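Participant: Each chain, letter by letter, is given below.
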Amino acid sequence: MILLMRSLGHSLVNFFASIGKIGIFTLRAVFHSCNPPFYPNLILKQMIEIGFYSLPVVALTAIFSGMVIALQSSSGFSLGGEKAIANVVVWGITRELGPVLAGLMVAGRIGASIAAEIGTMRVSEQIDALETLSTNPFKFLIGPRVIAGVIMLPLLVIVADIIGIMGGFIIATFDLGFNPDSYIRNTWTSFEFIGFISGIVKAAVFGFIITIMGAYHGYYAKGGSQGVGQATTNAVVSASILLLLFNFILTAIFFAQ
Amino acid sequence: MNTIRPEIKICLRNLSKSFGNKIVLDNINLTIQKGESIAIIGGSGTGKSVLLKSIIGLVKPDSGSLRIDGKETSMLTHKERMLFNTRFGVLFQGGALFDSLTIWENIAFGLMQEKKLNKKNAKEKAIQIMSEVELDASVSNSYPSELSGGMQKRVALARAIATEPEILIFDEPTTGLDPVTSNVINDLIIKSVNVLGATAISVSHDIASVKKIADNVALLHEGHFVWQGPADKIEKSQNDYVRNFVNGVSNNQSLPSGRS
Ligand SMILES: Nc1ncnc2c1ncn2[C@@H]1O[C@H](COP(=O)(O)OP(=O)(O)OP(=O)(O)O)[C@@H](O)[C@H]1O
Ligand SMILES: [Mg+2]
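In the order they appear, the protein sequences are chains S and P. Sequential numbering of the first sequence, starting at 1, is according to the numbering used here. Sequential numbering of the second sequence, starting at 258, is according to the numbering used here.
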C-alpha cells in the first residue's frame, strides 16, 4: 500500500516536473521567436514545408468530411431539408471539423518531422555545434518553425473550410438532388463570422501546440535513433491530445452562453 | 607586446562531474597557457569528451572552478556564454556537421553568424579553407551525407578553424583516417596553432600524432590526470599508466573491466 502510494507520488511529481519543463521551454521559445536576430529565409522555408506541403492531406480530409456531413445530416433530419443541411455543413466545417482535422493531420505530419529533425540534431551533437558557433538553437531552429506554424495553420484551415463546404455542395447537388443555386444561397446565409473566426483562432493555437511539442520532444531527445523514434511518437501523441483539449477550452470560451 | 611570463588561457581547479552515480571527472586540475597545444589521452570512456564539453560550456560541471582568460565561466549568463563561444572552434568527435546544409554552408556557418560576412564572401572564404584541408571545391555544394567519413572529418576541421578562433578544440581529429590524411590533419593543426597563435586542446588515441601536434600531454584515468608532461617525454616515462597506455597493455590491476 505504502509502495503504491509512493510510486503514485513519484509519477505525480514527475508529471508536474515535466509540465514545468514544457512551460519553461515554451516561454523560451516564445521569447526567442519575438526577439532578433530573425531568420526570414528559414521562416519562409518552414512556411512552405508546413503550409504548402500539407495542402493535399488537408484538402482530402476536408472534402471527405464535408461530404460525410451532408450525407449524415440528410439521413438524420429529413425535416429541415435543404436549408438545414447547408447550415450543418457550414457550421460543422468552420467551427470544428476544419480546424480539428487539419490540426490533427498537421500534427501527424509536421509534429513528427520537427521532432525527428531536431531530435536527430540533438543526438548527433549538431545542436551543440550550433551553440559553439554562437547560434541560439531557439532562434535558429525552433523560432522559425513556431512562427511558420502559427501563420500557416490558419491559412490551411481557410482552405479546408472552402473545400469542406464544396464537399457538402457536391453531395447535396449530385447525390441528394438539391438545387445548386438555392444551396449556395443557403450556404451564404448560414455563414456566421464568429464561427469562422473561432476556427481560425483555434488553428493558430493548434499550430503553436504542434510546433512546440515537436520541438520540445526533439530538443530533449536522447539515446540515438531509438530516442529520436520515441521523441517522434511522443510529439505526435502529446500534440494531438493537447490539441483536442484546447479545442474544447476554446469552444467553451467562444460559445459560452 | 611579448610578455615574459606566460599568460594562462584556461585553468581548471577541482573540477568534478558525475552522471547519476557514475563519477566521470573527479577533482580535475589543469592549466593551459596561451598558445600551448595540449593533448589529452586516455582509455575509452574515461571522460575526455566530457572534459572538452565542460570547457566549451556544453556540460555543466557539478563543482569546481573553470576559468577562461581569467573569467569564471560558471558565472556567465546564457547570453554572455554565447558571446564567449566566438573564441572557440570545435571539432566534435562525431563530426556534428549540419546535415541540412551544404559543405560550404557548414564551413562558412561561423563566418556568416559570428563574423557577419555576406554570402558571397563567406563562400569564397569557405572554398579557400577547403583547399587548405585538401578538399576539392567540387564538393562544396554537396551535403555531408554524400561524403566519405574522412572527408566529413576534414569538413569538420575546416568549420572549426574557419573563424580563426583563439581556442581550438579537437576531439579525435584523426581517428579512423588513413595515415596520409592523418598527417594532413596533423599538419593543419600545427599550422593553425602556429599561424593563428591559437591555444589547442586535442583528444587523441594516436601517440604518433600526439607527439606531432602537442607540446604537452595529460593522461586521464579514472577521473584523474595520472600523468602530465611534455609530449617528447611520454615514451620515456617511467609511469606505469603511461607505459601501459603507450604500449597498448591493459592495466589489469586498476582497470575494473577485466578483459584479458
Ligand atoms: N550526457 C551523458 N549522460 C550520461 N552519461 C554520460 C553522458 N555523457 C557522457 N557520459 C558518460 O561519461 C563517461 C565518459 O564519456 P566520454 O564520452 O567523455 O568518454 P571518452 O573519454 O570521450 O571516450 P572515447 O574515447 O570513447 O570517446 C562515459 O561512461 C559515458 O557513458
Ligand atoms: Mg570521446
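Do not take every clue at face value.
Claimed, not checked - Which chain S residues stay away from chain P? Per the calculated CB distances, all over 12 angstroms, these:
id, residue
1, Leu44
2, Leu55
3, Asn87
4, Gly108
5, Glu131
6, Phe138
7, Ile151
8, Thr251
Stated by the list, open to error - Think about it this way: if two alpha-carbon atoms lie no more than 20 angstroms apart in a straight line, the pair counts; the simulated PhoX-like pairs of lysine-lysine are:
id, chain 1, residue 1, chain 2, residue 2
9, P, Lys336, S, Lys139
10, P, Lys372, S, Lys222
11, P, Lys328, P, Lys317
12, P, Lys317, S, Lys21
13, S, Lys222, P, Lys376
14, S, Lys45, P, Lys376
15, P, Lys372, S, Lys139
FYI, nobody ran anything at the bench for these hints, they're computed from the structure. On a predicted model such as this, the values are computed, not experimentally measured, just so you know. Built from N, CA and C at the ideal position, the CB exists for glycine as well.
Participant: For every hint, state whether the structure bears it out.
Facilitator: So, going through the hints one by one against the coordinates:
At roughly 15 angstroms, the least C-beta separation between S:Leu44 and chain P is larger than 12 angstroms, which holds for a residue marked as non-interface. Even its closest Cβ contact with chain P, about 22 angstroms, leaves S:Leu55 beyond 12 angstroms, as expected for a residue assigned away from the interface. For S:Asn87, the shortest C-beta to C-beta distance to chain P comes to about 47 angstroms, beyond the 12 angstroms cut-off, and the non-interface label holds. S:Gly108, annotated as away from the interface, keeps every beta carbon of chain P farther than 12 angstroms; the closest lies near 22 angstroms.
Look at S:Glu131: its CB is around 6 angstroms from the nearest CB on chain P, not clear of 12 angstroms, so calling it non-interface is violated. For S:Phe138, the condition that its CB be more than 12 angstroms from all CB atoms of chain P is violated, with the nearest at approximately 10 angstroms. Every Cβ of chain P is farther than 12 angstroms from the Cβ of S:Ile151; the closest lies at roughly 21 angstroms, confirming the non-interface assignment. The Cβ of S:Thr251 sits about 38 angstroms from the closest Cβ of chain P, beyond the 12 angstroms cut-off, so the non-interface label holds.
Proposed proximity of P:Lys336 and S:Lys139 is supported: the alpha carbons are some 13 angstroms apart, at most 20 angstroms. Restraint check for P:Lys372 and S:Lys222: not satisfied, since their Cα atoms lie roughly 32 angstroms apart, outside the 20 angstroms limit. For the hint pairing P:Lys328 with P:Lys317, the CA-to-CA distance comes to about 16 angstroms; that is within 20 angstroms, so the pair holds. Distance restraint check for P:Lys317 and S:Lys21: the Cα-Cα separation of roughly 18 angstroms lies within the 20 angstroms cut-off, and the hinted pair is therefore satisfied.
With a C-alpha separation of about 34 angstroms, the suggested pair S:Lys222 and P:Lys376 falls outside the 20 angstroms cut-off, and the hint is violated. Annotation: proposed proximity of S:Lys45 to P:Lys376 holds, straight-line Cα distance about 18 angstroms (limit 20 angstroms). Only pairs whose Cα atoms come within 20 angstroms are accepted, and P:Lys372 paired with S:Lys139 is accepted, the gap being roughly 18 angstroms.
Consistency note: the structure conflicts with the earlier hints numbered 5, 6, 10, 13.
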